[in-house]
Amino acid sequence: MLRLRIFVFAGGLMAVSVRCPAGANPASASASRTEAAQRLASEVRNDGWLVFSARIQTPNWNLFIMRPDGSDRRRITDSPEFNEAGARFSPDGKRLLYYRIPASEGVDNNTYGTFDLVIANADGTDPQVYGKDYPWASWGPDSRQIGCLTRRGIEVVDLATRKLVRQIPRRGIVQQSIWSPDGRWFVGTANGLGPYWNIGVLNAANGEWRAVSETDRYNCTPDWCPDSLHVVYARGIIPEKGGFAELWTASIDGRQRRRIYAEAGHHIYGACASPDGKYVLFTRSIEDLGRVISTKMALICWPAIGPDTDSSSNVKSRAPVRLDLGPGWEPHWTSADISMAGKASQPGGARQ
Amino acid sequence: MRLWLALAVSIFVLAACGPKAKPSAATAADPHLATNGTIEVTAKLLEIPEGAIFKRDLYDYATVLKYQVLKLYRGKLKSNIIYVGQYDPFKPRKEAADRRVPNIGGNLRDFEAGQVQRLALEGPIEDCFMGGIVNKYFGHTTGPIYWAVWTDLEHE
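Residue numbers (the working numbering), protein chains in the order written: chain W, 52 to 403; chain D, 472 to 627.
A hint or two may mislead.
Residues on chain W that point at chain D, a partial pick, calculated with CB under 8 Å [stated by the list, open to error]:
#1 Asn111
#2 Asp177
#3 Trp248
#4 Glu291
#5 Leu340
Cβ pair distances, simulated, as ranges [claimed, not checked]:
#6 W:Gln307 / D:Gly614: 29 to 37 Å
#7 D:Arg580 / W:Ile337: 28 to 36 Å
#8 D:Val540 / W:Asp375: 54 to 62 Å
#9 D:Arg580 / W:Glu291: 17 to 25 Å
#10 D:Gly522 / W:Thr85: 38 to 46 Å
#11 D:Glu583 / W:Lys214: 26 to 34 Å
#12 W:Asp304 / D:Lys547: 34 to 42 Å
#13 W:Glu259 / D:Phe609: 16 to 24 Å
#14 W:Ala256 / D:Asp569: 52 to 60 Å
Keep in mind that the hints were calculated from the coordinates and are not lab data.
Keep in mind it's a predicted model, so treat the numbers as computed, not measured.
We put the beta carbon where it would ideally sit given N, CA and C, even for glycine.
Make the full structure from the sequences, and use the hints.
And the structure:
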């Protein structure tokens, strides 16, 4: 028997999951999952654009944009001497920040933000190289400032003048820092909250901070949910015990956390909630990153809270329908219409 | 005569195949120790906590190790028990430097509890390293964590 569950929340389709109990016809279950994935694709097809890094037909990493269902993929950078990575759309959807890394260096989950910052139009045109003085940059809520993570602290920089606006103690945050959509918080991968590196949330006004992840394991690649009250992150492993990194969410008070997605055989990193919070993107990797070797991207509906979505549930007990998006790393989502942005500015870069 | 010759050859062979001479006080001549960091010590590595050193091919980290200082050559310390961050501790020190952490080194091959090492240190670690740190002493000490710039083995 095959059971299809549909969770309806706030008047919209919230999540679709398929359960296939023992004895079910595997072929039938597979067909239903395919149909559910097709429905998911049609839901998101016209809901903005994704940007991501990938090695597709080139030895180096380039930036691509595509529709959230994986269609209409276009390469927007074409520089054989560099890898481009860590791309994020501005909140207004008009611009893009990313890092440019010498091709000889490769792309590393833990260091990409220490290379040359580039600010471009959302379609990749008119790239402006800001250089190495802007590590781990993320957009401020007004799209006119960026928050950079330096040894000195978190530095808020005005993009137009490139001047320092203010500096905030970084506490233990050491990489992958992201400014919250409401401008009140920073989240990042941090030391000093436990014996391992954890996810820390920092109050931008008073410098108070706390762990929001568990502190008895390695955690990384955090990002914000649109409500600025929750974060998503990769709940990592304990090296001596093995396992795979999972996609989790936590409230910023650190009191609530739960699994969003996990998969036997793959580490899940780089979660990114959709602008409306209904879906979540992520990167799937066989290797435990570090240095990025070969990764794929996928999308699921944001799962409704259920009785078996806590940390003790079996990974396979309720696998949400996953829409595979092909090779790539660290996708980011905007609801803006980038194709229009491209037409309004200079001609776009190389396209496939 | 043949017996004496055989005995001499045996002694030579045994000497050649025996344990190699370990680095010793000669490390004091290593110029890197005197020219790196702001603190230089000879210290005993007291222990390696479980899980503090692990090898993952694709990511780099620092781990915090506990030392007893036996001799202070330069700089100041508040205690003879110090905590020191070692970058990528699963690598020989001479192979540990990379683009992210370019200026570390030494002749130490592996970390083993009980070793007496000569270290050039900088501190605190927060000012020296922006990356993941394994600190198995978290919650047990509030003192500074120093950063190992150069690590030579004095003796096992």
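Against the structure, the hints:
1. Asn111: With a minimum Cβ separation of about 17 Å from chain D (threshold 8 Å), the hint on asparagine 111 (chain W) is violated.
2. Asp177: violated (29 Å)
3. Trp248: Since the shortest Cβ distance to chain D is 4 Å, the answer is holds.
4. Glu291: With a closest approach of 5 Å, the glutamate 291 (chain W) hint holds.
5. Leu340: holds (6 Å)
6. W:Gln307 / D:Gly614: 29 to 37 Å: holds (34 Å)
7. D:Arg580 / W:Ile337: 28 to 36 Å: About 31 Å separates the Cβ atoms of arginine 580 (chain D) and isoleucine 337 (chain W), which means 28 to 36 Å holds.
8. D:Val540 / W:Asp375: 54 to 62 Å: holds (56 Å)
9. D:Arg580 / W:Glu291: 17 to 25 Å: At roughly 22 Å between Cβ atoms, glutamate 291 (chain W) and arginine 580 (chain D) fall inside 17 to 25 Å, so the hint holds.
10. D:Gly522 / W:Thr85: 38 to 46 Å: holds (42 Å)
11. D:Glu583 / W:Lys214: 26 to 34 Å: violated (51 Å)
12. W:Asp304 / D:Lys547: 34 to 42 Å: holds (41 Å)
13. W:Glu259 / D:Phe609: 16 to 24 Å: For glutamate 259 (chain W) and phenylalanine 609 (chain D) the Cβ distance comes to about 19 Å; the hint holds.
14. W:Ala256 / D:Asp569: 52 to 60 Å: violated (37 Å)
The structure does not agree with the numbered hints 1, 2, 11 and 14 stated previously, though it agrees with the rest.
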